[in-house]
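S.K.: Protein sequences, first through last, are from chains A and B.
Numbering of the first sequence is given in this note's numbering, commencing with residue 7 and proceeding in unit increments.
Numbering of the second sequence is given in this note's numbering, commencing with residue 7 and proceeding in unit increments.
No copy labels: a pair is met if it fits in one copy or bridges any two.
Keeping only pairs whose Cα atoms sit at most 25 Å apart, straight-line, the calculated DSS-like set for lysine-lysine is:
hint	residue 1	residue 2
1	275	134
2	130	275
3	130	361
4	478	238
5	427	361
6	361	134
Note that these hints are calculated values from the structure, not bench results.
For clarity, every value in this text was computed on a predicted model and none was experimentally measured.
Protein chains: 2
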Amino acid sequence: MTMAKNHEVNGANVSRRGFLKKAGGAAAGVGLAASGLMFSGKPAQAAEVPKKWDKEYDVVVIGSGFAGLAAAIDAKTAGASVIVLEKMPVPGGNSIINGGLMAAAGTPLQKKEGIKDSPELMMKDTLKAGLYMNHPELARIFVDDSAAAVEWTIKLGAKYKDRVTHLGGHTVPRSYYTTNSSGAGIVRPMLKKVKEMGIPLQKKTLLENLIIDGDKGVVGVKVREKYAFPKKDSGKVVYIKAKKGVVMASGGFANDVAFRTIQDPKLDKSVDCTNHPGATAESLLEAFRCGATPVQVSWIQLGPWGCPDEKGMGIGYIFAISGAFPFGVMVDPKDGKRFVNELANRKIRADAILKTGHYAIGVADQNGVKYTAKLDKMLERGIVKKFNTLDELAAYYKIDKKGLEKTVKDYNSYVKNGNDKEFGKPLRKSAKPIATAPFYGMRLWPKAHHTMGGLQINPKAQVLDLTGEPIKGLYAAGEITGGVHGAVRLGSNATTDCIVFGRIAGQNAAKG
Amino acid sequence: MTMAKNHEVNGANVSRRGFLKKAGGAAAGVGLAASGLMFSGKPAQAAEVPKKWDKEYDVVVIGSGFAGLAAAIDAKTAGASVIVLEKMPVPGGNSIINGGLMAAAGTPLQKKEGIKDSPELMMKDTLKAGLYMNHPELARIFVDDSAAAVEWTIKLGAKYKDRVTHLGGHTVPRSYYTTNSSGAGIVRPMLKKVKEMGIPLQKKTLLENLIIDGDKGVVGVKVREKYAFPKKDSGKVVYIKAKKGVVMASGGFANDVAFRTIQDPKLDKSVDCTNHPGATAESLLEAFRCGATPVQVSWIQLGPWGCPDEKGMGIGYIFAISGAFPFGVMVDPKDGKRFVNELANRKIRADAILKTGHYAIGVADQNGVKYTAKLDKMLERGIVKKFNTLDELAAYYKIDKKGLEKTVKDYNSYVKNGNDKEFGKPLRKSAKPIATAPFYGMRLWPKAHHTMGGLQINPKAQVLDLTGEPIKGLYAAGEITGGVHGAVRLGSNATTDCIVFGRIAGQNAAKG
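Whenever a hint applies, use it, and build me the whole structure from the sequences.
M.R.: Encoded structure:
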């Protein structure tokens, strides 16, 4: 329980004790100097317009995740020449390792199951989770276009399971779930389409500067080709002209310990992260340097389904979101009691786990894992454990046995009556009491997962400057932007956000 | 109850219903375009280094509140020539209309009353309120220097009441309170000192640009003299050289509806504000344009002691913070019950009031207003009302009579036992049961009050750029910075922050 020790807390905060200890000593130092620089490390300097451009395209897209690929496909469809630049040696960014869930309202799958939903209801859920800090005009587009966005991915070849998943904070089940339980199920068809369309996708290419030419706005980019992440100054400087626009779709910065520590000093390197190593802040900061307006940058989300027995995103979260949270319980081992609605929004759940001061335990029975993919792998890796009885499970995780017995008994009565009297978790009709062996358990501890804030954009996905005007030639979509999700993003809303605004950015950039 | 109607809510958020309504319509628009531009409104453009400077000083201070004046005095003391620029026609910014409270740990007044306090305890309170988002190295300096900062103001001539006040979120009473219950009690002696030292304080002078000269960093400012706030382009452009440094001490942006709406769309013009009209964002944005790192900008504080029966900061808050909150109760008129620890931090209290969906009522008896200054004025203006009995008070505010009776009876038993069993409010030894006529009441509704976020600074008050390096020649202090307070600022911590870091900024700027 090394990690739990690091995070032992008696309040609702990550490593509170450690933080106080640190804060109690000499000036501890926050930020870049203290935590190691992930981005360029050079003074924020502008690049001049080059005498000669090495390459030119109508639209230059930075990043090859959901948002970047959607922008590229729609810009190309609109007739523009397009290049996609990806700093990592593999395409797909964080999208290709994400959970493969995509929220949408009023979809065919929902209708099939008789689930009543609407953009209005999805808006309500999204604003409630976002603490009403969402930019309403962006959230509105996001929900209105959600169902069409899923359809669009299906047309490209994405394959989804035949029923929607019910994730925390959503009033109804509305999340499409790829058959391979991974964002790769959406990214790969998009990559295939990009290839078919003849759009070059240039890997190992780092954006170093946006190039601004006075009133013309952004006219191109200075990049490093054959860049070896995260080696500063590696690769060769190349200038690419963007005749119509640059789309920033380089993702969030949850893995940028330096910058995230400036925004929230609790989230230092002791906090694990679900993101790929390239989820760093340098493109965001370059846009700030060019006068883009920062929005809600300090709202950094922790995933409540993180498992401390594996690194990064891992696979254990699948058991949590498709098994223990909807069909089982999460308990505090100290007393065996539930302590939060297992389908509340991520912030509420993550804060609740942190507040206990130690790992929580997710529990489900055989019926509860009916929809849990990769269970065998989790068992093989020792992330999820299997037990013949709840007593054995309690003994293994050192859960108060009588407490757990009572919790399960009470919970089962709620399931029977369709009413979680204690925490108000929405119970699905198909839910069954926790009673059928074998039983499964997993330890839970939050990990840094998503950065809600970023660049301010308008409904055309244009990046806005500090006076509220669009920066000519500059568009952005996905996790690098702020506003759609407000303070707290709901699970599976990110994929939708990226597709919806990636497409809008690509379409508008192509217009120039 | 017009305002309550605007803010009728059933969740914990400002104008939630209105917000949903707005969000439900066509793209509502957030920010500058939608809410009217308070700042320059021109594209964020750099100013060139002028061929000839109109004036020159070692140190140019922007803003004449606590932080700016402290910087000016200490820079001058260190031997620098100094000018203070103030955009408004009157000096003192928000400081001169603030409540005149200043928190410090381990002070002579505390010792006199036998109150045990330490920088360590103040640090704990500050971090807890700040949700551990505070930059620890800044918070540490702030608490360590707090007592010396109060002493410094006393040496300059500030006069304080002979006992410390107990404000929400502070474990112990530690707030010095000016005899005139206003920040003017501190600002006026500072202004006098500035005059004595021969430091020019130039009013109606707007900072339009920081002027950067390549590697030399900030070398001066472009300003508008005879500027008529808030008239764009009014006044005459003048260039002032800063041979050693520029200190940004221009305050927060709580009254900048445009920019605060970008950071938190709930805080639109329907939300009142306690700040002076000049509490706008243009200097902050100019520093961002020059590459300063934004920190926690979306954390905007609402004051829970706002009275809807007067505009702006007003005077009713004095009754709340020195009467009803420490010595009385705050109740929900619907049932007459208390609903929050009246001395919790501002965010907890403001959220709790908003959650009720209507005004709360603050109640105190004759003993409870013993330390309440300006009570006559509040009565005269109808902000606070006086009653012979609690029944009369209940009738006037439409409080459930039996509910209030029970609440007061219970609360009085807590006072007798020295233990608030319901909400854990720390009860002072001098507290008495609410029983002595006349009784006083006031309506309460939160107002935008303080912006916790802003420019990132290091312990030397140097402004840091997006790569983590200090921007040469640029310093900042007070509400324009972020980090000291984290997510939530405790009452009376702002004054201390301004004095402590204003002095540090002035001293370091003078070194050049």
